[in-house]
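Enquirer: Fit chain B to the known structure of chain A by using the hints.
Listed here are the chains, written in short residue letters.
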Amino acid sequence: QLHLQESGPGLVKPSETLSLTCTVSGDSITSSSYNWDWIRQPPGKGLEWIGSIHYTGSTYYNPSLKSRVTMSINTSKNQFSLRLTSVTAADTAVYYCARIKWGVVVAIVTPRFLDFWGRGSLVTVSS
Amino acid sequence: QSVLTQPPSVSGAPGQRLTISCAGSSSNIGAGYDVHWYQQLPGTAPKLLIYDNNNRPSGVPDRFSGSKSGTSASLAITGLQADDEADYYCQSYDSSLSGVLFGGGTKLTVL
Chain A
1440 QLHLQESGPG LVKPSETLSL TCTVSGDSIT SSSYNWDWIR QPPGKGLEWI
1490 GSIHYTGSTY YNPSLKSRVT MSINTSKNQF SLRLTSVTAA DTAVYYCARI
1540 KWGVVVAIVT PRFLDFWGRG SLVTVSS
Chain B
5 QSVLTQPPSV SGAPGQRLTI SCAGSSSNIG AGYDVHWYQQ LPGTAPKLLI
55 YDNNNRPSGV PDRFSGSKSG TSASLAITGL QADDEADYYC QSYDSSLSGV
105 LFGGGTKLTV L
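Residue numbers (my numbering), protein chains in the order written: chain A, 1440 to 1566; chain B, 5 to 115.
With the rest of the complex left out, here is chain A (with noise of 0.2 Å):
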C-alpha cells in the first residue's frame, strides 16, 4: 500500500519561504504512469493545486502560484519536495502531497486523479 507523509516546519514567517519535504512509501517514485502533487487547503476552505512534478523533473504550476512556487524530486530518497516563496498570511493552509494518474485524454497526456493522498502538514504564516 501506498503511503505519503508530508514533512517540515508548521510556522513560517511572512516574507520568507516555505519548505515541505513528501517521503514516499511502498512504491518507487519513478512510476512513468504518475505524476507527484501538491495541493493545500486554507483553513475552512476548498482544495487549490499547487502543481505537479514527473521523476524525469518535468514540473506544471499553478498559474497563480507559479511565480513563487519551485518542486523538486530525489529520487534516491524516493521524495519530491515545495518552496514557495514570499509567504504571506494567504499561505497559511494544510499543504497535501498526493499521487496522479497521468493518462491520454481527448488525444493527450493529461493528469487525471489523485488516488493516494498524504495526511496533510498545516503550516501557519505568521511573526
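You may find that some hints are simply not true.
Listed below are the simulated DSS-like cross-link pairs for lysine-lysine, each with C-alpha atoms no more than 30 Å apart in a straight line [to be verified]:
#1 K1505(A) / K1516(A)
#2 K1540(A) / K1484(A)
#3 K72(B) / K111(B)
#4 K1484(A) / K1505(A)
#5 K1540(A) / K111(B)
#6 K72(B) / K1516(A)
#7 K1452(A) / K1484(A)
#8 K1516(A) / K51(B)
#9 K1452(A) / K72(B)
#10 K72(B) / K1540(A)
#11 K72(B) / K51(B)
#12 K1505(A) / K1452(A)
#13 K1516(A) / K111(B)
#14 K51(B) / K1505(A)
#15 K1484(A) / K51(B)
#16 K1540(A) / K1505(A)
#17 K1516(A) / K1452(A)
#18 K1540(A) / K1516(A)
#19 K51(B) / K111(B)
Far from chain B, by Cβ distances over 10 Å, these chain A residues were calculated [to be verified]:
#20 P1448
#21 G1490
#22 A1528
#23 V1564
To give a feel for the contact side, a few chain B residues facing chain A, derived at Cβ under 7 Å [said to hold, decoys possible]:
#24 A49
#25 P50
#26 L52
#27 F68
#28 Y97
#29 F106
#30 G108
#31 G109
Since the hints were derived computationally from the structure, they do not count as laboratory data.
Predicted, not measured: the structure shown is a model, and the values here were computed from it.
Don't be surprised by glycine CBs; every beta carbon is placed ideally from N, CA and C.
Expert: Then chain B, alone, in the frame of chain A:
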C-alpha cells in the same frame, strides 16, 4: 473560464438519495476531460471516491455513483448514512489552466 461550480451545501435524511452537481465549461468538462470526486471526512485528507466519471476505487460502496453529460457532472449517493457527512469535491483537468482544477466543495449534512 477555469471554474468548477458546486453547491455549497446539500442535506438529506438517512436512507434518502441525493445528488451533488459540478458545473464546468468548454475548457474542462465540456472539452471531454474526465471528472473525479473526492470525499473529505472532518479532519482528514481527501479520499478518491469516483474516478473517470463513473468508476469506484476498490472499497468504495456502490451507493456512490457518478455521471457526466456535456459541461456538467454529478455525484449520486443512495441510502444516505450518517457517516456520509463530509465535504465532497469534484475535479477535472482544465486546458486553460494546463493543470488540475477542483470544484469549490459541497458540504453534505445528514439530517
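Enquirer: Does each hint fit the structure? Answer for all of them.
Expert: Hints, one by one, checked against the model:
1. This hinted pair checks out: K1505(A) and K1516(A) have alpha carbons roughly 25 Å apart, not beyond 30 Å.
2. Under the criterion of a C-alpha separation no larger than 30 Å, the hint pairing K1540(A) with K1484(A) is consistent with the structure, at around 25 Å.
3. Proximity of K72(B) to K111(B) is assessed by CA-CA distance (about 20 Å); at most 30 Å being required, the pair is judged to hold.
4. Taking the CA atoms of K1484(A) and K1505(A), the gap is about 21 Å. The hint holds against a cut of 30 Å.
5. Annotation: proposed proximity of K1540(A) to K111(B) holds, straight-line Cα distance about 26 Å (limit 30 Å).
6. Taking the CA atoms of K72(B) and K1516(A), the gap is about 40 Å. The hint is violated against a cut of 30 Å.
7. Restraint check for K1452(A) and K1484(A): the C-alpha separation of about 22 Å stays at or below 30 Å, so the hint holds.
8. With a CA separation close to 25 Å, the supplied pair K1516(A) and K51(B) stays within the 30 Å bound.
9. Distance hint between K1452(A) and K72(B) is unfulfilled; the C-alpha atoms sit about 44 Å from each other, more than 30 Å.
10. Of the pairs offered as hints, the one joining K72(B) and K1540(A) holds, with about 20 Å between alpha carbons and a cut-off of 30 Å not exceeded.
11. A hinted pair counts as satisfied when its Cα atoms are at most 30 Å apart, and K72(B) with K51(B) qualifies at roughly 20 Å.
12. A distance of roughly 20 Å separates the Cα atoms of K1505(A) and K1452(A); the hinted pair therefore holds under the 30 Å criterion.
13. About 38 Å separates the Cα atoms of K1516(A) and K111(B), which puts this hinted pair outside 30 Å; it is violated.
14. Using a Cα cut-off of 30 Å, the hinted pair K51(B) and K1505(A) holds, with the two alpha carbons roughly 26 Å apart.
15. A hinted pair counts as satisfied when its Cα atoms are at most 30 Å apart, and K1484(A) with K51(B) qualifies at roughly 17 Å.
16. Between the alpha carbons of K1540(A) and K1505(A) the distance comes to roughly 22 Å, so the proposed pair stays at or under 30 Å and holds.
17. Proximity of K1516(A) to K1452(A) is assessed by CA-CA distance (about 28 Å); at most 30 Å being required, the pair is judged to hold.
18. Between K1540(A) and K1516(A) the alpha-carbon distance is near 21 Å, which keeps this suggested pair within the 30 Å criterion.
19. At most 30 Å may separate the alpha-carbon atoms for a hinted pair to count; K51(B) and K111(B) meet this at roughly 15 Å.
20. The beta carbon of P1448(A) is kept farther than 10 Å from every beta carbon of chain B, the shortest such distance being approximately 20 Å.
21. Not every CB of chain B lies more than 10 Å from the CB of G1490(A), the least distance being 8 Å, so the non-interface label is violated.
22. Non-interface status of A1528(A) relative to chain B is upheld: no Cβ of that chain comes within 10 Å, the nearest being about 21 Å off.
23. Interface exclusion of V1564(A) from chain B stands, the closest Cβ pair being 21 Å apart, more than 10 Å.
24. Given the 7 Å rule on beta carbons, the hint for A49(B) holds: about 4 Å separates it from the nearest Cβ of chain A.
25. For P50(B), the interface hint holds, since its Cβ comes within 7 Å of a Cβ in chain A; the closest pair sits about 6 Å apart.
26. Because the beta carbon of L52(B) sits about 5 Å from the nearest beta carbon in chain A, less than 7 Å, this interface hint is met.
27. Interface restraint check for F68(B): the shortest CB-CB distance to chain A comes to about 15 Å, outside 7 Å, so the restraint is violated.
28. For Y97(B), the interface hint holds, since its Cβ comes within 7 Å of a Cβ in chain A; the closest pair sits about 5 Å apart.
29. A hinted interface residue such as F106(B) counts as satisfied when its beta carbon comes closer than 7 Å to some beta carbon of chain A; here the least separation is about 4 Å, so the hint holds.
30. Because the beta carbon of G108(B) sits about 5 Å from the nearest beta carbon in chain A, less than 7 Å, this interface hint is met.
31. The beta carbon of G109(B) is positioned within 7 Å of a beta carbon in chain A (closest approach about 4 Å), and the interface hint is therefore held.
In summary, the numbered hints that this structure violates are 6, 9, 13, 21 and 27.
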